[in-house]
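Based on these hints, arrange chain G on the given structure of chain U.
Just so you know, the protein sequences line up as chains U and G, in that order. The numbering of the first sequence is full-length UniProt numbering, which starts it at 1 and goes up by one. The numbering of the second sequence is full-length UniProt numbering, which starts it at 1 and goes up by one.
No lab work stands behind these hints: they were computed from the structure. All values reported here derive from a predicted model rather than from experimental measurement. Accuracy of the hints is not assured; some may be wrong.
Said to hold, decoys possible - Here are the simulated PhoX-like pairs of lysine-lysine, each with C-alpha atoms no more than 20 angstroms apart in a straight line:
1. G:K73 <-> U:K38
2. G:K151 <-> U:K66
3. U:K31 <-> G:K155
4. U:K11 <-> G:K73
5. G:K73 <-> U:K31
6. U:K38 <-> U:K85
7. U:K44 <-> U:K184
8. U:K86 <-> G:K103
9. U:K11 <-> G:K107
10. U:K10 <-> G:K155
11. U:K86 <-> U:K11
12. U:K85 <-> G:K107
13. U:K11 <-> G:K127
14. U:K89 <-> U:K45
15. U:K10 <-> G:K73
16. G:K103 <-> G:K152
17. U:K11 <-> G:K103
18. G:K107 <-> G:K152
19. U:K11 <-> G:K155
20. U:K184 <-> U:K116
21. U:K66 <-> G:K127
22. U:K89 <-> U:K40
23. U:K11 <-> G:K151
24. U:K116 <-> U:K85
Here is what each chain is made of, one letter per residue.
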Amino acid sequence: MERSIENIWKKGFEAEEKLSAPVVSNLYERKSTLLIEKIKRTTKKDNFSLIPVGVVIFGVLVFMGKVILGFYVATLITALFFLNKKKLKELETLDVKNSTYNYLLDYRNQVKSIVKFSTWLMGVGFPLVAIPAYWIFFRGSEIMSNFEQLDLAQEILIISGVAVLLSILGILAYRISTAIIYGKLLARLEDTIEDMEELMKS
Amino acid sequence: MTKDFYSQSILPYAGIIIKICRAYTDTEEDFQDYYQEVCLQIWNSRNSFREESKWSTWIYRISLNVCMSLLRKSKKKQVRASDYIEVQNVPDEEKAFQDESLKLLYKTIRQLSELDRAIILLYLEEKSYKEIAAIIGTTSNNIGVRITRIKKQLKNLLDGKIY
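Excised from the complex, chain G in its bound form:
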């Protein structure tokens, strides 16, 4: 990956990549790994970008795909490893964010399914239903219904903690 590519095509979107990676990882070490893997995949697939969508949409899509795929792999590994040892999942919230409510919100988002996490992240980033549907690969109507459900679920999980 060239330094120019990183600074011009990835760094301006680092914020969203960080937000996405945080939602799929519990530890600082995993976060660093996921972030690097996303950057590498963006670099590897740069030639497949067809300009049919915005570059930012492309970044969202790759980031989410990479994070979901890595999470699935790590879940499989944990299942295998847990046959032999007790897997310790050490939350690293303190290092991630300073805002207490944000920490709690992230912790709650991580309790959602992989796909629901992706949808709510895009929604919170103020993406339109149409854009979320394009990134996820479904219809706007479906996204609308799911967002209502996810928000309700989040509210229940957060009930009494931050309101």
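The following block holds chain U by itself, in its conformation from the complex:
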């Protein structure tokens, strides 16, 4: 008698003893590893993207005849690249042999501390290095000679105003870029931690 596929399926599974569910184990370990690896890859890529940005800015400034400013900006970007690299290396020191949950918590804390440091850097460091850059850019120009004719109080007021503006812009730009690049990944990190906490409660 011809055996239909329906028959093979039905009879096959009736006799099948091995149709037992695999043990759901190490599920979060695997998911966490993949997530952390993705965050690491993204941070590395993000940091390496500073190099072409630095080269382009240097090239444009040299082309404009602002060689000193070009070197100044390129040096700052290079310094930022190495600073980021050092910070990211700190993430590697986390004990992966620790429990997955603790590892994720440690990782989240480290990421938070990097975000805090970077926000400070953009809010305070960026205006501090950008104002000299403006000075290099405008020195010898009409704008600078007009500025130099102002009295000290007015000069301080303008510099402070520019510094505050740069600080706000720096923090805003950092937050927006972080949300775009890392938003989804960090949300997934939070979700995974929440899931594991729920699992531990049950």
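Chain G in isolation, oriented as in the chain U frame:
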């Protein structure tokens, strides 16, 4: 994922999840991965379940979506990897099932396209054309036509092997 959720909402449907995962994987290791990923996705999307359909339909849909998506990803990886090394696809049939005809049927089903595999699995699970159409997202008529074609294709592939 809570143990309660797993034992109450997933385990009763483990049979069908296993059947679906087997149809999209060649090795025991992949099967375990696919099964775990399906369970995780069911857990992650539990709040999106609107009770407009049955829970079982929801499980079928997620299982098939996850398996098809993982298969696509692994195909891409294999294409990339095969540029450098010879990819070895080790069939793990022996560990999966004991029934020889069933093993052969599975092997043949894996030769079908991703979508055709989904349709024939649901058909073999005795789902109505309407239910299959709802899970796949097409019309009952289309499902009827496709099932006839898939069965013919399977019969040709199996010709002389199990009849």
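We went through each hint and held it up to the structure:
1. G:K73 <-> U:K38: 16 angstroms, holds
2. G:K151 <-> U:K66: Not satisfied, since the Cα-Cα distance of roughly 74 angstroms exceeds 20 angstroms.
3. U:K31 <-> G:K155: 40 angstroms, violated
4. U:K11 <-> G:K73: 33 angstroms, violated
5. G:K73 <-> U:K31: Holds, at about 16 angstroms.
6. U:K38 <-> U:K85: Satisfied, since the Cα-Cα distance of roughly 16 angstroms is no more than 20 angstroms.
7. U:K44 <-> U:K184: 17 angstroms, holds
8. U:K86 <-> G:K103: 54 angstroms, violated
9. U:K11 <-> G:K107: With Cα atoms ~17 angstroms apart, K11 (chain U) and K107 (chain G) stay inside 20 angstroms; holds.
10. U:K10 <-> G:K155: Holds - the C-alpha atoms of K155 (chain G) and K10 (chain U) are around 17 angstroms apart, at most 20 angstroms.
11. U:K86 <-> U:K11: 62 angstroms, violated
12. U:K85 <-> G:K107: Cα-Cα ~49 angstroms, so violated.
13. U:K11 <-> G:K127: 17 angstroms, holds
14. U:K89 <-> U:K45: Between K89 (chain U) and K45 (chain U) the Cα gap is close to 14 angstroms, so the pair holds against 20 angstroms.
15. U:K10 <-> G:K73: With a Cα-Cα distance of about 31 angstroms, the restraint between K10 (chain U) and K73 (chain G) is violated, given a limit of 20 angstroms.
16. G:K103 <-> G:K152: 19 angstroms, holds
17. U:K11 <-> G:K103: With a Cα-Cα distance of about 12 angstroms, the restraint between K11 (chain U) and K103 (chain G) holds, given a limit of 20 angstroms.
18. G:K107 <-> G:K152: Holds: K107 (chain G) and K152 (chain G) sit about 16 angstroms apart, inside 20 angstroms.
19. U:K11 <-> G:K155: 18 angstroms, holds
20. U:K184 <-> U:K116: Holds, at roughly 19 angstroms.
21. U:K66 <-> G:K127: Status violated; Cα separation ~73 angstroms.
22. U:K89 <-> U:K40: 10 angstroms, holds
23. U:K11 <-> G:K151: 18 angstroms, holds
24. U:K116 <-> U:K85: 16 angstroms, holds
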